[in-house]
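Undergrad: Assemble the complex: chain A is given as a structure, and chain B must be docked to it using the hints.
Chains as they are written, first to last, in full-length UniProt numbering: chain A, 1 to 328; chain B, 1 to 632.
Hints may contain errors.
Computed from the model, here is a short list of chain A residues facing chain B with C-beta under 10 angstroms [what the hints assert, rightly or not]:
| id | residue |
| --- | --- |
| 1 | Leu3 |
| 2 | Pro6 |
| 3 | Val147 |
| 4 | Lys151 |
| 5 | Ile257 |
| 6 | Pro259 |
| 7 | Lys262 |
| 8 | His271 |
| 9 | Arg274 |
| 10 | Gly277 |
| 11 | Leu284 |
| 12 | Ala285 |
| 13 | Asp288 |
| 14 | Ile321 |
| 15 | Ile324 |
A short, non-exhaustive set of chain A residues, derived as facing chain B with CB atoms under 7 angstroms [to be verified]:
| id | residue |
| --- | --- |
| 16 | Pro4 |
| 17 | Pro5 |
| 18 | Met73 |
| 19 | Leu247 |
| 20 | Asn249 |
| 21 | Gly251 |
| 22 | Asp270 |
| 23 | Tyr289 |
These aren't lab readings, by the way, just hints derived from the structure by calculation. Backbone N, C-alpha and C fix where the C-beta goes; we use that ideal spot for every residue, glycine too.
Here is how the chains run, residue by residue.
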Amino acid sequence: MALPPPDPQFVLRGTSAAVHTLCFSCGSQEPDVPILFSGSENGFIHVWNLKTHRVDTALDGHGRKSVYCVETMGGKDGLLSQGRDQRICLWDLAEGRTAVMDSVFTENVGFCRCSLLKVAQGRWLMAMAAKALEEVQVLELPSKTSVCTLKPEVGAKLGMPMCLKLWQLNCGSQPLLLAGYEDGSVVLWNLSMGKALSQLVCHQEPVMSLDFDSEKAKGISGSSEKVLSIWSLNEQQNLQVYKTHKLVNAGISDITIRPDKKILATAGWDHRIRIFGWKKLRPLAVLDYHTATVHCVSFSDHKNPSERLLAAGSKDHRISIWSIYTQT
Amino acid sequence: VCFIPGGLDCSITFVSHVLGKVCVHGRQKEILSVLVPRLTDLTKSDCIWQRICWRLVECVPDRWMEAVVLGFVQRAPGADVLSRLLGNLVVKNKKAQFVVTQKVLLLQYCHPTAVLQNLLGYLSLDSLRRALLIKVLQELLETWGSSSAVKHSPPEQQQYISKAILICLSHLKEPEIESCRQELLTSMMEGVKCHLDSNLPQIRRLGMIVAESISSKINTDGPVLKFQYEEDDEARELKSLLVQTPPFCVVPSLPDDERNEKADAALPLVLEGNKKSHTAAPVMPDEESDAELDSDDDLIPYDMSEDKELKTKAPVYIRDCIEVLTGSEDMDKWEATVKALESLVRKNPAATREISVELAKILLHLEEKTCIEGFVELRQRAQVAVLTTDPIPVAKYLTSQFYSLNYSLRQRMDILDVLVLAAQELSYPKSHGKTKHSGAQKPCIQLLSGSDSSKDWRRIVDERIKSKTRRFAMGQSQVELASGPNEFSSVAGHFFFPLIQHFDRPLTTFDLLGEDHFVLGRLVHTLAVLMYLAVNTVAVTAMGKALLEFVWALRFHTDSYVRQGLLSCISSVLLSVPTERLLKDMTEELLETQSWLGDVLEKDPDGDCRRLALQNLLLVENLKKKLKTVPS
Numbered sequence: 001m002a003l004p005p006p007d008p009q010f011v012l013r014g015t016s017a018a019v020h021t022l023c024f025s026c027g028s029q030e031p032d033v034p035i036l037f038s039g040s041e042n043g044f045i046h047v048w049n050l051k052t053h054r055v056d057t058a059l060d061g062h063g064r065k066s067v068y069c070v071e072t073m074g075g076k077d078g079l080l081s082q083g084r085d086q087r088i089c090l091w092d093l094a095e096g097r098t099a100v101m102d103s104v105f106t107e108n109v110g111f112c113r114c115s116l117l118k119v120a121q122g123r124w125l126m127a128m129a130a131k132a133l134e135e136v137q138v139l140e141l142p143s144k145t146s147v148c149t150l151k152p153e154v155g156a157k158l159g160m161p162m163c164l165k166l167w168q169l170n171c172g173s174q175p176l177l178l179a180g181y182e183d184g185s186v187v188l189w190n191l192s193m194g195k196a197l198s199q200l201v202c203h204q205e206p207v208m209s210l211d212f213d214s215e216k217a218k219g220i221s222g223s224s225e226k227v228l229s230i231w232s233l234n235e236q237q238n239l240q241v242y243k244t245h246k247l248v249n250a251g252i253s254d255i256t257i258r259p260d261k262k263i264l265a266t267a268g269w270d271h272r273i274r275i276f277g278w279k280k281l282r283p284l285a286v287l288d289y290h291t292a293t294v295h296c297v298s299f300s301d302h303k304n305p306s307e308r309l310l311a312a313g314s315k316d317h318r319i320s321i322w323s324i325y326t327q328t
Numbered sequence: 001v002c003f004i005p006g007g008l009d010c011s012i013t014f015v016s017h018v019l020g021k022v023c024v025h026g027r028q029k030e031i032l033s034v035l036v037p038r039l040t041d042l043t044k045s046d047c048i049w050q051r052i053c054w055r056l057v058e059c060v061p062d063r064w065m066e067a068v069v070l071g072f073v074q075r076a077p078g079a080d081v082l083s084r085l086l087g088n089l090v091v092k093n094k095k096a097q098f099v100v101t102q103k104v105l106l107l108q109y110c111h112p113t114a115v116l117q118n119l120l121g122y123l124s125l126d127s128l129r130r131a132l133l134i135k136v137l138q139e140l141l142e143t144w145g146s147s148s149a150v151k152h153s154p155p156e157q158q159q160y161i162s163k164a165i166l167i168c169l170s171h172l173k174e175p176e177i178e179s180c181r182q183e184l185l186t187s188m189m190e191g192v193k194c195h196l197d198s199n200l201p202q203i204r205r206l207g208m209i210v211a212e213s214i215s216s217k218i219n220t221d222g223p224v225l226k227f228q229y230e231e232d233d234e235a236r237e238l239k240s241l242l243v244q245t246p247p248f249c250v251v252p253s254l255p256d257d258e259r260n261e262k263a264d265a266a267l268p269l270v271l272e273g274n275k276k277s278h279t280a281a282p283v284m285p286d287e288e289s290d291a292e293l294d295s296d297d298d299l300i301p302y303d304m305s306e307d308k309e310l311k312t313k314a315p316v317y318i319r320d321c322i323e324v325l326t327g328s329e330d331m332d333k334w335e336a337t338v339k340a341l342e343s344l345v346r347k348n349p350a351a352t353r354e355i356s357v358e359l360a361k362i363l364l365h366l367e368e369k370t371c372i373e374g375f376v377e378l379r380q381r382a383q384v385a386v387l388t389t390d391p392i393p394v395a396k397y398l399t400s401q402f403y404s405l406n407y408s409l410r411q412r413m414d415i416l417d418v419l420v421l422a423a424q425e426l427s428y429p430k431s432h433g434k435t436k437h438s439g440a441q442k443p444c445i446q447l448l449s450g451s452d453s454s455k456d457w458r459r460i461v462d463e464r465i466k467s468k469t470r471r472f473a474m475g476q477s478q479v480e481l482a483s484g485p486n487e488f489s490s491v492a493g494h495f496f497f498p499l500i501q502h503f504d505r506p507l508t509t510f511d512l513l514g515e516d517h518f519v520l521g522r523l524v525h526t527l528a529v530l531m532y533l534a535v536n537t538v539a540v541t542a543m544g545k546a547l548l549e550f551v552w553a554l555r556f557h558t559d560s561y562v563r564q565g566l567l568s569c570i571s572s573v574l575l576s577v578p579t580e581r582l583l584k585d586m587t588e589e590l591l592e593t594q595s596w597l598g599d600v601l602e603k604d605p606d607g608d609c610r611r612l613a614l615q616n617l618l619l620v621e622n623l624k625k626k627l628k629t630v631p632s
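So here's chain A without its partners, still in its complex pose (with noise of 0.2 angstroms):
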């Protein structure tokens, strides 16, 4: 007899508009607060407190176009925040402070979010959507100098980059990129040199969101249909479908992986999040709180794993927080 799915353990409010993004900060230790930061449609990004659960500060930095992605940069002090309005910002959050460090001016009209990986201390690759439709341009920050333009050969056809994640098996190899594209293919891209290495059509629609677990050589992508593909990547760097998973109903805006490869979270048109066994696709959970669709999820990087949160940000104006699967 199988349990009914559990509550959400709190919910955030007061963002007064669709929350598009989210990102955990909750590695430090005592005395500092765990916090959550959160993009929403009208500009603001909302730094929440997770103790309180109220808005510690509220940085608006983007024209109030909707911000539609934020990732951390060292912990929480500091923040990269992208923005519709062309620009991505880098913000110093130490001390108190909420000014704006830096910022890149992509030129990118479309809403494909960046992606950010830590290469050495106090240096990041961040693979961008660039002006041109089909380019996806590698910045190293925070010195913004161009490590290389990724463009797909004439005729490809690919549209627009949906979905973007940069990956490095360890810490000294190289980086590559993954991208998801308009035409529902994914691509995977070499960095130092600039090439394609594979590229596979997982979905007849565009791609809109995928992630990646370096580990087990699995990735796995969401469309705008019912279907959850789930490919891998053999020794020849080649891409491979392994297994697609039909869902319920169309549409899904977001997939992760906790960061102990055990579960994934999707969030989908439906308003409802998926929990799922990464193992092998199992559905684990369907938690239907949210009301519009769920735009974002997250999870935490607590390092006590029984504190572990999951976030799910959704058109409603809310933030449900989850504690779900915490024992293993």
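TA: What follows is chain B alone, placed relative to chain A:
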């Protein structure tokens, strides 16, 4: 009866005479039950006995020939036996020919199918007689195809003729079909037309089955006529007549058992096979999952049974519904609206009353845009809801549209159905202030298909007769039911009179008294129901009088469905109008009706009509008696 064969020239005329006399006096069964089996055995292999048998029947005098031949045809166990017994009697004897080819087939219809099989099989077994078979088929088809026969002969006779036609067809060989192909085609076309024109579904179906059979025989290659009709035992029986089984299968029971055993043996094998594959299948997944279960899979899934497909929300306000139904391109929303409309209308009576006529208009013209299950029922229930919420204006609109131009027959009949269902709901007492929608079905009036209503009418009238003819003093055995004012009372007239008004005025696309007699039949039945539901209302007497005049005007209508409806109308009048008013205000009409009922009882070809007429006469008698027994 034992004869010495061989060499002796005996005269059996005497025996023929005896046989004939006995048969004519009605003792066919006794004598033939002994004679026929004996003769069957004797004539099986012995030619001489065959000749003796033939002489026997040939010598029967003409005046007794019919009885004898009929007896043989009925008693013989098979066509081949009949052939052995009678020989070419039909060719040699005029009277026998008349009996076999005309009387049994066209003038009588009481014989079971086996007799028909015997007779027609007999005709087909000899080349001399086959010419008669073809002649018989032509005459049967002529009768089958004649529109007056279809209209006036009882359904049982029509079924009998159809069976005969099918059996004839089964006996015909290719060259014969070739020679009369054109004739078959012509008669089939004519016959199909008159059958499909009929209002009784049984006749229509008979026509369809026979036409399909003829078509399959004459067009062995190429497209065959195919109709859509309800398959039930009758249809299957008729179709089985088309195929002739060889005579040997009938008698021995042992081969049958063998066959049955084989079939039984085959079944368990198949079942076992299925079971094996079933057990094989689960084994595999179990093994697979066993191999994969390890420490990581201790994550217990939660209950996901609530995870269903997301449904679009229907609009919450009636005016929004109107917008969606008339303009919207969003099919999901349109579907959701259609499904939610009835409950919305019932929950918001005040809002509905503001836009009731507009909503009724939209619903009347609403066509199925996407494939929803039960669309017709949903639309009808929404229409009924609108009509019961705001009866007078909507009834006015609907009844006026019934007689307007450019509506399809289906729409006109929809109007009638909706009026009846709404009347039913309005006249049924509401329990605890809430209408029971399913409860409204209880007065045993099912109006989903017109063909059923005649049977239900009998049931209802029977029940009412039962309740009225026995008067026992019964104590209060039930709790008093909740009572409320009869909502139908104030609106009954609005439902009824506009429908009755213009029935004789033909329009360009709609002529009740002409071609559209099916709709007329439905209209008459609807009026009967409305009359029945108007019991205890104020307008009932006026309605009764108008209805009796209507019935009088239409009483000689040729369609039996219409006549059945008219008789139901009379039943409703007799049951609903209070007896005193009946006998005081409508004495003349009542007397005229009574005389017409007597006429129908004696002369009407349709069995149902006669039965209804009888019930009505009984009702009248009871009413008169009741009035006489009331102490003045």
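Undergrad: Confirm or reject each hint.
TA: Now for the hints, and whether the structure bears them out:
Interface hint at Leu3 of chain A: satisfied, since its Cβ lies 6 angstroms from the closest Cβ of chain B, which is below the 10 angstroms cut-off. With its C-beta approaching chain B no nearer than about 7 angstroms, Pro6 of chain A sits inside the 10 angstroms limit, and its interface hint holds. Evaluation of the Val147 of chain A hint against chain B yields a violated restraint, the C-beta minimum of about 37 angstroms exceeding 10 angstroms. Interface hint status for Lys151 of chain A: violated, as the beta-carbon distance to the closest one in chain B is roughly 39 angstroms, over 10 angstroms.
Residue-level restraint check for Ile257 of chain A is violated (minimum Cβ-Cβ distance to chain B is 14 angstroms; threshold 10 angstroms). At its closest, the beta carbon of Pro259 of chain A sits 15 angstroms from a beta carbon of chain B; the interface hint therefore is violated under the 10 angstroms criterion. About 7 angstroms separates the beta-carbon of Lys262 of chain A from the nearest beta-carbon of chain B, less than 10 angstroms, and the hint is met. For His271 of chain A, the interface hint holds, since its Cβ comes within 10 angstroms of a Cβ in chain B; the closest pair sits about 7 angstroms apart.
For Arg274 of chain A, the interface hint holds, since its Cβ comes within 10 angstroms of a Cβ in chain B; the closest pair sits about 8 angstroms apart. For Gly277 of chain A, the interface hint holds, the least distance from its beta-carbon to any beta-carbon of chain B being 5 angstroms, beneath 10 angstroms. The beta carbon of Leu284 of chain A comes within 5 angstroms of a beta carbon in chain B, closer than 10 angstroms, and the hint placing it at the interface holds. A least Cβ separation of about 4 angstroms between Ala285 of chain A and chain B falls short of the 10 angstroms threshold, and the interface hint therefore holds.
Checking Asp288 of chain A against chain B: minimum C-beta separation of about 7 angstroms stays under 10 angstroms; hint holds. With a cut of 10 angstroms, the hint placing Ile321 of chain A at the interface with chain B is violated, because the nearest CB-to-CB distance is about 17 angstroms. Taking 10 angstroms as the C-beta contact cut-off toward chain B, the hint placing Ile324 of chain A at the interface holds, the least distance being around 9 angstroms. With 7 angstroms as the threshold, the beta carbon of Pro4 of chain A comes within range of chain B, its nearest partner Cβ sitting at about 5 angstroms, so the hint holds.
Look at Pro5 of chain A: its Cβ gets to within about 4 angstroms of chain B, closer than 7 angstroms, so that hint holds up. Of the supplied interface hints, the one on Met73 of chain A is violated, with its beta-carbon coming no nearer than about 32 angstroms to a beta-carbon of chain B, more than 7 angstroms. With its C-beta approaching chain B no nearer than about 9 angstroms, Leu247 of chain A sits outside the 7 angstroms limit, and its interface hint is violated. At about 5 angstroms, the closest approach between the beta carbon of Asn249 of chain A and any beta carbon in chain B falls short of 7 angstroms, and the interface hint on this residue holds.
At about 9 angstroms, the closest approach between the beta carbon of Gly251 of chain A and any beta carbon in chain B exceeds 7 angstroms, and the interface hint on this residue is violated. For the restraint placing Asp270 of chain A at the interface with chain B, the shortest Cβ-Cβ distance is roughly 4 angstroms, inside the 7 angstroms limit, so the hint holds. Against a cut-off of 7 angstroms between C-beta atoms, the interface hint on Tyr289 of chain A is violated, since the closest Cβ of chain B lies about 12 angstroms away.
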